[in-house]
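Assemble the complex: chain P is given as a structure, and chains Z, F and G must be docked to it using the hints.
First to last, the protein sequences are chains P, Z, F and G. For the first sequence, the residue numbers in our numbering are 547 to 886. For the second sequence, the residue numbers in our numbering are 547 to 886. For the third sequence, the residue numbers in our numbering are 547 to 886. For the fourth sequence, the residue numbers in our numbering are 547 to 886.
Rather than coming from a laboratory, the hints here were simulated on the basis of the structure. It cannot be assumed that every hint is accurate.
Identical chains blur together in the list; that is why a pair holds if it fits in one copy or across any two.
[Unchecked claim] Think about it this way: if two alpha-carbon atoms lie no more than 20 Å apart in a straight line, the pair counts; the simulated EDC-like pairs of lysine to aspartate or glutamate are:
#, residue 1, residue 2
1, K852, D872
2, K852, E677
3, K843, E578
4, K852, D679
5, K801, D745
Below, each chain spelled out in residue letters.
There are 4 protein chains.
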Amino acid sequence: MRVGIMTGGGDSSGINAAIWAVVRRAHHYGWEVIGLRRGWAGLLERDTVPLSLEAVADIPYTGGTIIQTSRTNVFKIEKGPEKVLESIRALGLDALIAMGGDDTLGVAHRLCQMGLPAVGLPQTIDNDIGETDFSIGYDTAVSICTEAIRRMHSTNYSHQQDMLVEVMGRDAGWIAVNAGLAGGCHYLCVPEVPVDVADLCKHLEARRAAGAPYSMVCVSEGVTLSSGSVAGETDAFGHAKPGGVANALADDIKKETGVKPRVVILSYLQRSGPPSSFDCLLGMRMGARAVDLLHEKAYDRMVAAKGGTLVPVPLAEALARNRTVDIELYRLAQQLCREA
Amino acid sequence: MRVGIMTGGGDSSGINAAIWAVVRRAHHYGWEVIGLRRGWAGLLERDTVPLSLEAVADIPYTGGTIIQTSRTNVFKIEKGPEKVLESIRALGLDALIAMGGDDTLGVAHRLCQMGLPAVGLPQTIDNDIGETDFSIGYDTAVSICTEAIRRMHSTNYSHQQDMLVEVMGRDAGWIAVNAGLAGGCHYLCVPEVPVDVADLCKHLEARRAAGAPYSMVCVSEGVTLSSGSVAGETDAFGHAKPGGVANALADDIKKETGVKPRVVILSYLQRSGPPSSFDCLLGMRMGARAVDLLHEKAYDRMVAAKGGTLVPVPLAEALARNRTVDIELYRLAQQLCREA
Amino acid sequence: MRVGIMTGGGDSSGINAAIWAVVRRAHHYGWEVIGLRRGWAGLLERDTVPLSLEAVADIPYTGGTIIQTSRTNVFKIEKGPEKVLESIRALGLDALIAMGGDDTLGVAHRLCQMGLPAVGLPQTIDNDIGETDFSIGYDTAVSICTEAIRRMHSTNYSHQQDMLVEVMGRDAGWIAVNAGLAGGCHYLCVPEVPVDVADLCKHLEARRAAGAPYSMVCVSEGVTLSSGSVAGETDAFGHAKPGGVANALADDIKKETGVKPRVVILSYLQRSGPPSSFDCLLGMRMGARAVDLLHEKAYDRMVAAKGGTLVPVPLAEALARNRTVDIELYRLAQQLCREA
Amino acid sequence: MRVGIMTGGGDSSGINAAIWAVVRRAHHYGWEVIGLRRGWAGLLERDTVPLSLEAVADIPYTGGTIIQTSRTNVFKIEKGPEKVLESIRALGLDALIAMGGDDTLGVAHRLCQMGLPAVGLPQTIDNDIGETDFSIGYDTAVSICTEAIRRMHSTNYSHQQDMLVEVMGRDAGWIAVNAGLAGGCHYLCVPEVPVDVADLCKHLEARRAAGAPYSMVCVSEGVTLSSGSVAGETDAFGHAKPGGVANALADDIKKETGVKPRVVILSYLQRSGPPSSFDCLLGMRMGARAVDLLHEKAYDRMVAAKGGTLVPVPLAEALARNRTVDIELYRLAQQLCREA
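For reference, chain P alone in the conformation it holds in the complex:
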């Protein structure tokens, strides 16, 4: 048996651990693994690399994806799906493992419906894929953002300055809520709830009045501002440009309070480098399970983390809706952050 593996969309940390486990588990079954390079582009262009045990020996604790990624969407290309299926045949692949976010998994699902034997692995720092408690890359992103935020308290205290820290999260505020809370921020702004700029300013001023030398605010890149300010520029893919929204929010705060907070954009730092042990293990266990699903001929499924265990869920269910931050959890986090 010959299994293809591809990684699509934005990269994160933990992907290579999954690839490592796919190769080792496949080897256990006597199977061969072929890496498709640069997401779906690799299939369209038949750009592949054999993934032997040696090729993946040292990769589990590295960031990104050794087979690279792209935002190529099969269904936005003329005869894209047909070309993909033709490549699968031409490359002699018996099955496919696709790793990525909603876009990548959505394509995989549609290809499954066209007859491709495939399974998916959830990977996105945004943690917004349905039906799984955790996506590969999310814990590392929270860890990096938390550590960065914790680190910057000292300079804000020393200079008595407020700071906005912008983290990733287009549609879901998981990183902002969790890194903001663990990082000791005093206010959280997430895409799920429009930012009430007046309330935020009141909070900053109340803290200052009560003697706090500084405040820190964690802001998802995908927030909307009650002030009506543009939420930041968008790039070719419609994604917010780094810093767009945080700088707009800083200007709004300046207008309201007279004091402009510092702005720090954590940017690509949060989805790069060695995975946390949590993401490394999640990737390894999910990768092995994906191979087991192929072994069981359980196609059109995504491996999902539910509690301490992994379960297969139909891709259609995982894709049915985005997993945004539960409002009760957001309220609790905001209350804990604001208290005192």
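Same frame as chain P, now just chains Z, F and G:
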């Protein structure tokens, strides 16, 4: 309302995050929090410290427990339980939050049955408390051990030497399995399965014969050796002394293969210092939930992590049996580690 | 004897280690230490805090400055110097230790010439103070930037994208040269040498043509661009605003090559949080030596690191000229980065 | 020109950065570099590996040595030197770069005197090589030990227990003094000064009496104890076995005070994994300079760090005597640690 909080047994990272959240959540309800110092000893000796918002402001990202801990067991002291209940009254406490492992939670449960309104929080790096996917402190321990193991590959490669790395885990091999796997070890030894020394030696020799410059083995402190070697000395509490078992195993390997592996004991390093963001958040969310349970008068419960959410479980159920490593998970991990 | 201590200018990591050592060394001589809050402002406003052994017990491994800082310049305030000397008398201070960069040390020197018994400690992440091999905070900044750059290789490789990383350094490129080199960048841009944008673009294109999936460029905030592009906005103090120059350079590269590199601004991250052990030790040893200099009545001196030892140098000499990056060192670093 | 490079003795972090720079700098001159594997054994056995730009592309931020090491001593082997020189000729090597501690550099020096064109690079975590302020690997070791010690304060505080932390350093206490000081230890034990066990016990008891919940002591593996206790077992090379001395000291303390401190042996952790940025840069600069020295035909020299710059020193001078910890520096560090 006046809530007491105590931390018992071996410390870990994430406890202070839980204390922080208890205080902030209690403040939200207008409640007061009193820290009982040094585990149950604090209650017996009425050694307390008021935990104001100010007192806990900077603690979430610190290790250990600001109210300290001890291994004092109320039920091994004459009239211990009666004295505790008397202290509770004398200190004017309306309820108690107890944080720790089986011993601490067991005492809390028995006190609940004697009428004390209390709830428990699971905290142990061993991750062996029933009914919860994660205990506070476990993820940090795995992170520290993983990073240490990853780090030491380079010296073993450079010197072409094998190494045994001993990690904590008296009755459950969670740390060994997960840090061993994420850390890139080539063999895993856990308390759940007696170590087959002959098989281990054969694996080390096979790797060497195949050209591997070194091998690394992750060993729980609580393993038993098929060779019949003493599993290490025990201390006053019946716990294995650090290094006991790893050194015994190294001697056995020397006898069998002629080559003695290096031995590194990660010891207290793995349960100290800043929590991972995962443990920080777990502690914060569990701490807040413990207060909510008291608010709902849902006593004799432990806050448990199930998937992405927290649920209350009866303490009796959590204590019913140790949560050891699932044998299937161990086998998968061992297979992935040994492959190649 | 009663010693005042103040910290001025931009903060960094290692200051608190120096304060800790000043207090402990002063205690050894039976002296008292008074912290002056928020730089020279603390002296002007007589805003002080006693620094007992207890007050500084836990600070050596924290970032920033517990006595805070400001950019208040005594000599830009009417009767500033006279007010300072009056405060010194009013507060009963016998001597002063001033810690900071050129501005802070320059004020200290002029106050010495007016009769104030003072010594200085070099502290700036820019490492551009004369006569000392190292300034407090520099090694930590290089460490943080190096780690961040190393971390981001994986995402650039995965997405096949080039990246500009902007680091601090207004007049001197120490951070850019060293973090760029240790971080594995492929081109270095420093304030000492105008950036030859055409040469940079040629290098990026040559690497791409040779099959390199990405390139990384380290850019000091203080560079000037040969393209004549504005080197970025400046703030109220005439300092470059974060990201100003990197974004301008990215636009230039886009114009020249058609491909816009990603831009990451490390910003305040690089001068915050726990010091490296190097900076912690440098701060401790320099702090103790400052007290020894006061003990020897060797005023108007700065403690300087020369090789493995510390020596006192006249403040006037340290201030005589900025310590910029040696051009030979820059050329070597650039050669090593570009090779291959 | 064809340059050989070898690494001998105990490994550390920063070696690969030096190898990287040697290869890049050599390439700049149009030279070829050949790695000799496993120290002098590689020369004796003519076990080599070509070091191309590609081969070293990703190594600067990795630990250990890609060409491995051994403790083979040429001069303890029959006709060892002659065999080495013969290998040099047979392999077509024009010059040699040797990296290591006293033993390795001593052999290099004697081979130079026999006509081999060679230069040396100082590499040892012990930092005890003469004439250089810093050896490659030392800063990383101090960083790792400092971080580990800092981390463990929390568990000692929580359990109110004293701890001995054993670090490397056979003949020189550089790591113990610096990591102990930066790590916040309360007492330092170094090989340069016999440990006064009675004084140490008195200090521990005085701290306890004054209310300190715990004390931490940093101990070099190479100390001698005034108590006359055996300083620990030695291995085949006459080196102290890990933990030997710390456990003996713990027993002595138990005898004297009735309380046995915890013992943690940092062991191989401190000389493995990614180098600090300081060591990475030191390795890179020294590696490049070694090639420059060969270019200048300045043989029988060691590259030494003096202040911010690198200078060549005759190998004979570097080897003339060990660089132990200056007693004044030790006293200052001990005073700062003990104060309060």
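Worksheet item: Looking back at the numbered hints, which does the structure fail to meet, lowest number first?
Response: The structure breaks none of the hints.
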